[in-house]
Structure formats: structure tokens, C-alpha cells
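A.B. asks: So the chains spell out like this:
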Amino acid sequence: MANQSGNAYALTMLCPILGGVPPDAPEGMAGQTYTARLRNVLQTLHMNEESPMAQVPNTYLCRFWVLSDVPYQGKPAFLEHLKSDYLVFSSNFHGELEPYLEGMWNALKDGVLAILWHCVGHETVRDAASFIAYVKKCQVTTTFFFNGSTDEPLAEQLKNLYLKQEFSKFAFENQGKSGQELQEAFRGFIQRTDPENLAGPTWKPGAYHLDRVDAEPETAAGAGSK
Amino acid sequence: MNAVTPMRWYTAWWNRLFFWIAHKRPATTAGLITLSLIHYARWVIVMPNQFPRLSPQQPQEEVKYAYMLFFSNFNGSWNQYVDSFSSAIPAGLNLFWFGSIKYPRSVPMLPFHRYITSNQVWTDYYYNAYPMATSNDIKSARRVKLALRDFMGEVKAASPDVFLQKYNSLLINLQHDISQMGPNPVVSLSASAVERNLNKEGVARKAMSA
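Chains A and B, in that order, give the protein sequences. Position 107 (the first sequence) corresponds to 107 in my numbering; numbering is contiguous. Position 80 (the second sequence) corresponds to 1080 in my numbering; numbering is contiguous.
Hint data in this document are derived by calculation from the structure and do not stem from the laboratory. No experiment lies behind these values; they were computed from the predicted model shown. Mixed in with the good hints, there may be bad ones.
Derived lysine-lysine pairs resembling BS3-like cross-links, with alpha carbons at most 27 angstroms apart [said to hold, decoys possible]: (1) A:Lys109 <-> A:Lys137; (2) B:Lys1139 <-> B:Lys1024; (3) A:Lys75 <-> B:Lys1102; (4) A:Lys169 <-> B:Lys1166; (5) A:Lys109 <-> A:Lys136; (6) B:Lys1024 <-> A:Lys136; (7) A:Lys169 <-> B:Lys1102; (8) B:Lys1166 <-> B:Lys1139; (9) A:Lys177 <-> B:Lys1166; (10) B:Lys1064 <-> B:Lys1102; (11) A:Lys169 <-> B:Lys1156; (12) A:Lys136 <-> B:Lys1064; (13) A:Lys137 <-> A:Lys83; (14) A:Lys137 <-> B:Lys1064; (15) A:Lys83 <-> B:Lys1102; (16) B:Lys1166 <-> B:Lys1156; (17) A:Lys177 <-> B:Lys1102; (18) B:Lys1064 <-> A:Lys83; (19) B:Lys1064 <-> A:Lys75; (20) A:Lys136 <-> A:Lys83.
Footprint (simulated), chain A over chain B, 3 or more residues, beta carbon under 8 angstroms [said to hold, decoys possible]: (21) 1027 to 1033; (22) 1064 to 1076; (23) 1080 to 1093.
All residues carry an ideal CB built from backbone N, CA and C; glycine is no exception.
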């Protein structure tokens, strides 16, 4: 019904997880089910600017979780159970589905395969096209998508945030100056911040600390291009 | 936040209708926009026959209920979020969760809190491209960028006096949008614990790479 809101896309997928215990296990994981192994993979991924998802162009926000059963509401509701566990992946991103998934495959092929290894039908995923086909089989249509933010490319959002922060500092630091001093300072500000250059200086995708947020052009690749 | 709530398959069609109207008439979500805590949220109704089945070896699901999956990406704490919703748009919540089994309605708050808590599923991995920015920051940053672009065009050949006058107008127009971000205050004990762990992780990584 509504996977899209303007240029923002809401991908929701439910990937059935394999049942039982994988035949081989790394140290400390013997006897663990596919679901437990998958949770371990997800919970040990790096976070923030070191997140693998920071390399996937145009990802605003995303999450992984495991739906291991459906909640019971108590009598007189039915008690029912799912027969498989499902990996739920939901991503909010800019643009269309197929280019986004292609970008994810190109940026994170090994990571994608490491996660999907726990899921039914993973052996069909060999390249970008088969990955897209797999995701589409697992995709469930969003009934209603609410966009309370903007739907610009991520690179623009990050550049805007960088400019907002830098211009706020500029306004604070240049209070009470004469027109001439201010004009000169503003020229320096424009030269330094390069407002129309999305490649940098800008914010790094995923950065969590102000002292680690600024990115020069070569480190801003994960934001993707317009 | 993720919540999963069951509903009868035939009431799910009513919910789909409500959501369809909300999609076609954005004015119906004005309350959500006013709250301005949310970056992106979605409601996904999975009918009993819509759980993906990728192989004949995968057992066929036999659930009778439809399930509504709710995902929200918001800034602030869980309590701030849930209470704001319950206070600001109680009727909208009741409509969106209409037909969910044993939904207690959004007011009073305690049964509503219990309902959300008991149907919530924890996220295993979360990524946010701008964890320091609120939804309002994203929107105001866009206004700052557009205003700066116009200002740069207007003052290209301006004298210092005209520049000053236009600069002051710019600041007045942007007074709601310019603010310096700083470190978050501790909004919850769990947020504080995450912060401590991240710091530890950072120290450990630095030590490993040294």
C-alpha cells in the first residue's frame, strides 16, 4: 500500500530463519540454534560510524530483530505460535528499492551473506540480482509509512546538519562585529564549509560524537551521492 | 521501538482502510507531525497467509490472527515518547490500533504502557545515520541550508552596510533553526549504560590499534 512517502522508502522484510542447530560451530557456540547464532552476529556488529550500515548509501535508519513468536494476549484470545523464527529487517532510506539493495550488496556483500547464511533459501543469493530477488520474496508491504523528517538524499541531510552546526557556531562567535569584519569572516566561512559540495566537508554517517563527526571528502563515501 | 499486536483478520481490513485514508489525506496525521519526535514510523499488517515461505521444507504457518508490526524511530526516551503519544493524539492511536486484541485504549496511561511493554520486541541491531540529531534538527538544517543559499546570492556584491542588514535579517528568520548541538543529557539509565559501553569499546579499540 505505502512503501514510499515522497522519496523515502520503508523496506520491511521477514526472512525465515533455518530451524535446528548448524552442523559446525565456532568455539563457544556448540549446540546453539541458527537463531541464537544469528542474534550473536547481529549483536556483535560495530556501531555508529563504524557500523557496516554506514557504508550502505542513503540509509537513514535501520534495524534488525528476531521475531521468534507472536505475543499472546491472554484469554479469551487464541494461543498460537509461529512455526519458524523470522529475521526482521526494516530500513528507511532515500530512493528506490533496487538501487538501494544493489548499493547494499556492493558495499557489504560479505556481511549480507554472513547474516543470510542463517536464513532459509540463502543459497540462492550469489550476486546483486539474486540478492534483490531474495529480498523481494521476503518483503512485506508497509501498510502505512509516516515520514516525520525529510526525504532528501542522505548526503544532503548530512551536509545540511554540518552547515547548521557550523553556521550556529559562526553566528555565536561573530556577534557585535562591524559589517566589514562580518563580511570578511563570512567569506572565510563559505570557503571553509563549501556549502554546495556534498562530498565534504560534511558529517560522517552514523557519527555519535561531535568531536568525531566532521568528514573530509574521502571519508564521506557512505553518505552516497545525489 | 517495535511492537507486534494480533488482530482478527476481518478487523485488519478496517485498519487497512484507516491507514489508506491517512495515506491519502496527510492532514489526518497533523498530530504526529506536531509531536515532531518521530523521524520515520511504519505500520505493517501481515495477514495470516503473508508470512514469507521460501522452501517446501519450511513449515507452513497456520496462524489465525493477522499481526500488526509497528516500528518507530524517534528521539528521546521511551517514556517521553509513549506519554507524548498518549497525551497528544489519543484518538489517533485508538484508530490505528482499532481491532488489536485487548488493546486497552490510549488513556489512561498505565494500561496503555503495560500493553505496549508486553507486545514490544527488542531490537538486536540498530543503526542511525545521525544519532546526534533530532527529527527537528534534520528539518531545521534543511531550512538553514536553503536560507544560506539565498543569502549568498543576495550579498554577492553587497556593501558592508547592506551585508550587515541582510545578515541580521537572516539571523532573525533563522532564530528557530540555529542552535549548536551538544552532548545529550542522560535520558535514561540504559542510555547511560550504552554510553559507558561505547566509551569502553572506543578505549579498547584504540589500545588494540596502538
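A.B. asks: Just to make sure I understand the rule, a stretch counts as covered if three or more of its residues have a C-beta closer than 8 angstroms to a C-beta of the chain. Does the segment 1064 to 1076 of chain B meet that for chain A?
C.D. replies: Three-residue rule met by the segment 1064 to 1076 of chain B, so holds; n is 7.
A.B. asks: CA of Lys1166 (chain B) to CA of Lys1139 (chain B), is that 27 angstroms or under?
C.D. replies: Since the Cα atoms of Lys1166 (chain B) and Lys1139 (chain B) sit roughly 23 angstroms apart, the hinted pair holds (cutoff 27 angstroms).
A.B. asks: Going straight from one Cα to the other, do Lys1064 (chain B) and Lys1102 (chain B) come out at no more than 27 angstroms?
C.D. replies: 16 angstroms, holds
A.B. asks: Are Lys1064 (chain B) and Lys83 (chain A) close enough, with their CA atoms no more than 27 angstroms apart?
C.D. replies: Status holds; Cα separation ~13 angstroms.
A.B. asks: Run the distance test for Lys177 (chain A) versus Lys1166 (chain B): straight-line Cα separation, threshold 27 angstroms.
C.D. replies: 14 angstroms, holds
A.B. asks: Mind checking the alpha carbons of Lys1064 (chain B) and Lys75 (chain A) for me, to see if they're no more than 27 angstroms apart?
C.D. replies: Status holds; Cα separation ~15 angstroms.
A.B. asks: With a cut-off of 27 angstroms on the C-alpha distance, tell me whether Lys1139 (chain B) and Lys1024 (chain B) pass.
C.D. replies: 23 angstroms, holds
A.B. asks: Examine the segment 1080 to 1093 of chain B: at least three residues should have C-beta closer than 8 angstroms to a C-beta of chain A.
C.D. replies: violated (count 0)
A.B. asks: Going straight from one Cα to the other, do Lys169 (chain A) and Lys1166 (chain B) come out at no more than 27 angstroms?
C.D. replies: Judged against 27 angstroms, a Cα distance of about 18 angstroms means the pair holds.
A.B. asks: Keeping to a limit of 27 angstroms between CA atoms, is the pair of Lys136 (chain A) and Lys83 (chain A) held or broken?
C.D. replies: 21 angstroms, holds
A.B. asks: Are there at least three residues in the segment 1027 to 1033 of chain B whose beta carbon sits under 8 angstroms from a beta carbon of chain A?
C.D. replies: holds (count 3)
A.B. asks: Does the structure keep Lys177 (chain A) and Lys1102 (chain B) at a Cα separation of 27 angstroms or less?
C.D. replies: The hint is violated at about 63 angstroms.
Consistency with the previously given hints fails for numbers 7, 17, 23, ordered from lowest to highest.
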